[in-house]
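So you can see what is in the structure, the chains are spelled out below.
Protein chains: 2
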Amino acid sequence: MRFQNPTFLGAVASTLLLSTSFVQGVCLHDHRRTLQAGPGSVPISNFSYIGVTGPLGWAGLSPANVKCSTANVQSPINIEHDVVPFSKTHPKLSIPNVRSAEFENLGSTVEVVINGTTIFEGKTYSLKQYHFHTPTEHLIDAQFYPMEVHFVNIASDGSILVLAALFELSLTGTNANLLVPLSAPLHAITEPGSSTTTGPLSFSDITNFFNTVPLFKYTGSLTTPPCTDGVVFLVADTFLPISPKAFLEFKSVLKFNARYVQNAPGEENLIEVAAGQLPK
Amino acid sequence: MRFQNPTFLGAVASTLLLSTSFVQGVCLHDHRRTLQAGPGSVPISNFSYIGVTGPLGWAGLSPANVKCSTANVQSPINIEHDVVPFSKTHPKLSIPNVRSAEFENLGSTVEVVINGTTIFEGKTYSLKQYHFHTPTEHLIDAQFYPMEVHFVNIASDGSILVLAALFELSLTGTNANLLVPLSAPLHAITEPGSSTTTGPLSFSDITNFFNTVPLFKYTGSLTTPPCTDGVVFLVADTFLPISPKAFLEFKSVLKFNARYVQNAPGEENLIEVAAGQLPK
Chain A
0 MRFQNPTFLG AVASTLLLST SFVQGVCLHD HRRTLQAGPG SVPISNFSYI
50 GVTGPLGWAG LSPANVKCST ANVQSPINIE HDVVPFSKTH PKLSIPNVRS
100 AEFENLGSTV EVVINGTTIF EGKTYSLKQY HFHTPTEHLI DAQFYPMEVH
150 FVNIASDGSI LVLAALFELS LTGTNANLLV PLSAPLHAIT EPGSSTTTGP
200 LSFSDITNFF NTVPLFKYTG SLTTPPCTDG VVFLVADTFL PISPKAFLEF
250 KSVLKFNARY VQNAPGEENL IEVAAGQLPK
Chain B
0 MRFQNPTFLG AVASTLLLST SFVQGVCLHD HRRTLQAGPG SVPISNFSYI
50 GVTGPLGWAG LSPANVKCST ANVQSPINIE HDVVPFSKTH PKLSIPNVRS
100 AEFENLGSTV EVVINGTTIF EGKTYSLKQY HFHTPTEHLI DAQFYPMEVH
150 FVNIASDGSI LVLAALFELS LTGTNANLLV PLSAPLHAIT EPGSSTTTGP
200 LSFSDITNFF NTVPLFKYTG SLTTPPCTDG VVFLVADTFL PISPKAFLEF
250 KSVLKFNARY VQNAPGEENL IEVAAGQLPK
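Heads up: the sequence lines are chains A and B, in that order. Going by numbering that gives the first Met the number 0, the residue at position 47 of the first sequence is 46; the numbering climbs one at a time, nothing skipped. Going by numbering that gives the first Met the number 0, the residue at position 271 of the second sequence is 270; the numbering climbs one at a time, nothing skipped.
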């Protein structure tokens, strides 16, 4: 796993497009909702990462979540270099730069609502949002990292493509450009259910990143309820840098929002494994 | 939660006592074994943190591990300030400084084998070892931290007392004195099953720490197989500092070794909760 060259992440900003005044957000947890753009309140997720509303209790929150405990293709996973192949082709992301975007604290994550298009393996997806997990949901060769970002794309046939990148702590204090404009507005959404608007966002660096770095490819699931399977994951094998200061800022808001790693794709769901080991 | 004052962790070193040439180590996972002191190999734990040998599969590794999936008092937990009380008294630790100690990579953790005595609530415990988890096993008010240390004490009647402290990243690069002498030998035990000997270790800072800072107290379990319950945990409500560099060093060896947070003490084991939600 290589470290992202900071110069590759050099500042870029050019065309700014006005965001639409009404946006439809699609959470990773696949709940559609309509939001009025601008600061305000957003619905809080009904799931958590602790206790009976946490990952071991997600199936109990709704019959719709049954796959969280029964599907044999789930995410996140431990990505072993010797096992998970690289994608033979790169996705082609197009994300218009924006003057501002909605930035929401859903309780389960913080999410930036954007519009874009991703073309991958001949299929066109709409890019809906990106959000963060801390620590990482995916492990790489059994090791965890401080934070992970997911760019969530949905095609017209409902199929889902997630572009994921893991952050590693930068000892020189470097931050990926993706994080820099989120630092100030993050302080405005420390409370679950709150939202704000960002300043200008440019996406040239991150689109160039996903368009060029080696990407692991596997079919998994949403990492949150309803744990829909059949989700294609492209996970970068190059880290994005996060400074210790920025990591502490994100962690103080996200606190802990990583699902435990699942069994390898095709293997029995770990909840069924655990249930089968209970005394008769 | 307060941050440990670095001056409180100022260097101390005085009397050095020779470690015994044969030591009996007691892992947190309660397997007794006899080790010859000095560099060499140590048995590797049969459990992991991933897949069917991970926390959801621990009960399947041995009938002796049944409590991992059935006991209603388990560790780690999410420690909420409003819920978990502070201990009314402090433990009294006595750890002789040593010229060197065994430092082992068990696959599941890295562990320093020492001898000491802890007196708490009128009972005398033998201090056997301390070891590390990354990220933290306990959450504090739902937030995780980069690393946790456990000092494991056992009384003659078999009762277990664990003194735990959470580390937070230091933006000034400070490390708790406990970590400093482990940095060099850590590089000698990057492979599971390897061991080495440390240089001189002094414990005045860490004994003073546990003897004075506020300590949450609750009854939980071993956080590793066989998940023995009835373990008294004293968890410091003051962070120890770890530099980003030291964190990366420990993480590169430990990779990921934190059990998911359990249901609150007295509540149903989360594996039984999950099993009860499976389709009939």
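Rather than coming from a laboratory, the hints here were simulated on the basis of the structure. Do not take every clue at face value.
You can't tell identical chains apart in this list, so a pair holds if it fits in one copy or across any two.
[To be verified] Derived lysine to aspartate or glutamate pairs resembling EDC-like cross-links, with alpha carbons at most 16 angstroms apart:
| no. | residue 1 | residue 2 |
| --- | --- | --- |
| 1 | Lys122 | Glu271 |
| 2 | Lys244 | Glu271 |
| 3 | Lys122 | Glu190 |
| 4 | Lys91 | Asp81 |
| 5 | Lys279 | Asp81 |
| 6 | Lys254 | Asp140 |
| 7 | Lys244 | Glu79 |
| 8 | Lys244 | Asp81 |
| 9 | Lys122 | Asp204 |
| 10 | Lys216 | Glu267 |
| 11 | Lys87 | Asp140 |
| 12 | Lys254 | Glu79 |
| 13 | Lys216 | Asp228 |
| 14 | Lys216 | Glu248 |
| 15 | Lys244 | Asp204 |
| 16 | Lys254 | Asp204 |
| 17 | Lys91 | Glu120 |
| 18 | Lys91 | Glu267 |
| 19 | Lys279 | Glu120 |
These are the hints, each one checked on the structure:
With identical chains, the CA atoms of Lys122 and Glu271 are never at most 16 angstroms apart, being 34 angstroms at best within one copy and 42 angstroms at best between copies. Proximity of Lys244 and Glu271 under a CA criterion of 16 angstroms is satisfied in neither setting, with 40 angstroms inside one chain copy and 39 angstroms between copies. With identical chains, the CA atoms of Lys122 and Glu190 are never at most 16 angstroms apart, being 37 angstroms at best within one copy and 44 angstroms at best between copies. Taking identical chains as interchangeable, the C-alpha atoms of Lys91 and Asp81 are never at most 16 angstroms apart, the minima being 26 angstroms within one chain and 49 angstroms between chains.
Taking the closest pair of Cα atoms, Lys279 and Asp81 never come within 16 angstroms of each other, the shortest separation being 38 angstroms inside a single copy and 38 angstroms across copies. In the homo-oligomer, the alpha carbons of Lys254 and Asp140 lie at most 16 angstroms apart only across protomers (8 angstroms), although the nearest pairing inside one protomer, at 24 angstroms, exceeds that limit. For a Cα distance limit of 16 angstroms, the shortest separation of Lys244 from Glu79 qualifies neither inside one copy, at 29 angstroms, nor across copies, at 24 angstroms. In this homomeric assembly, Lys244 and Asp81 never come within 16 angstroms of each other (Cα to Cα): the closest approach is 34 angstroms inside a single copy and 28 angstroms across copies.
With identical chains, the CA atoms of Lys122 and Asp204 are never at most 16 angstroms apart, being 23 angstroms at best within one copy and 60 angstroms at best between copies. For the homomeric pair Lys216 and Glu267, neither the shortest alpha-carbon distance inside one copy (20 angstroms) nor that between copies (38 angstroms) is at most 16 angstroms. For the identical chains of this complex, Lys87 and Asp140 are neighbours neither inside a copy (21 angstroms) nor across copies (43 angstroms), given an alpha-carbon limit of 16 angstroms. Within a single copy, Lys254 and Glu79 get their C-alpha atoms only as close as 27 angstroms, which misses the 16 angstroms cut-off; across copies the closest is 13 angstroms, which meets it.
When the C-alpha separation of Lys216 and Asp228 is checked against a cutoff of 16 angstroms, the pair qualifies only within one copy, where the shortest distance is 15 angstroms, while the shortest distance between copies is 41 angstroms. Taking the shortest alpha-carbon separations for Lys216 and Glu248, neither the intra-copy value of 30 angstroms nor the inter-copy value of 28 angstroms comes in at or below 16 angstroms. Taking identical chains as interchangeable, the C-alpha atoms of Lys244 and Asp204 are never at most 16 angstroms apart, the minima being 21 angstroms within one chain and 27 angstroms between chains. In this assembly of identical chains, the alpha carbons of Lys254 and Asp204 never lie at most 16 angstroms apart, being 27 angstroms within a copy and 29 angstroms across copies at closest.
For a Cα distance limit of 16 angstroms, the shortest separation of Lys91 from Glu120 inside one copy, 10 angstroms, qualifies, whereas the shortest one across copies, 64 angstroms, does not. Proximity of Lys91 to Glu267 under the C-alpha cut-off of 16 angstroms is found in neither arrangement, the shortest distances being 34 angstroms within a copy and 48 angstroms between copies. For the identical chains of this complex, Lys279 and Glu120 are neighbours neither inside a copy (48 angstroms) nor across copies (39 angstroms), given an alpha-carbon limit of 16 angstroms.
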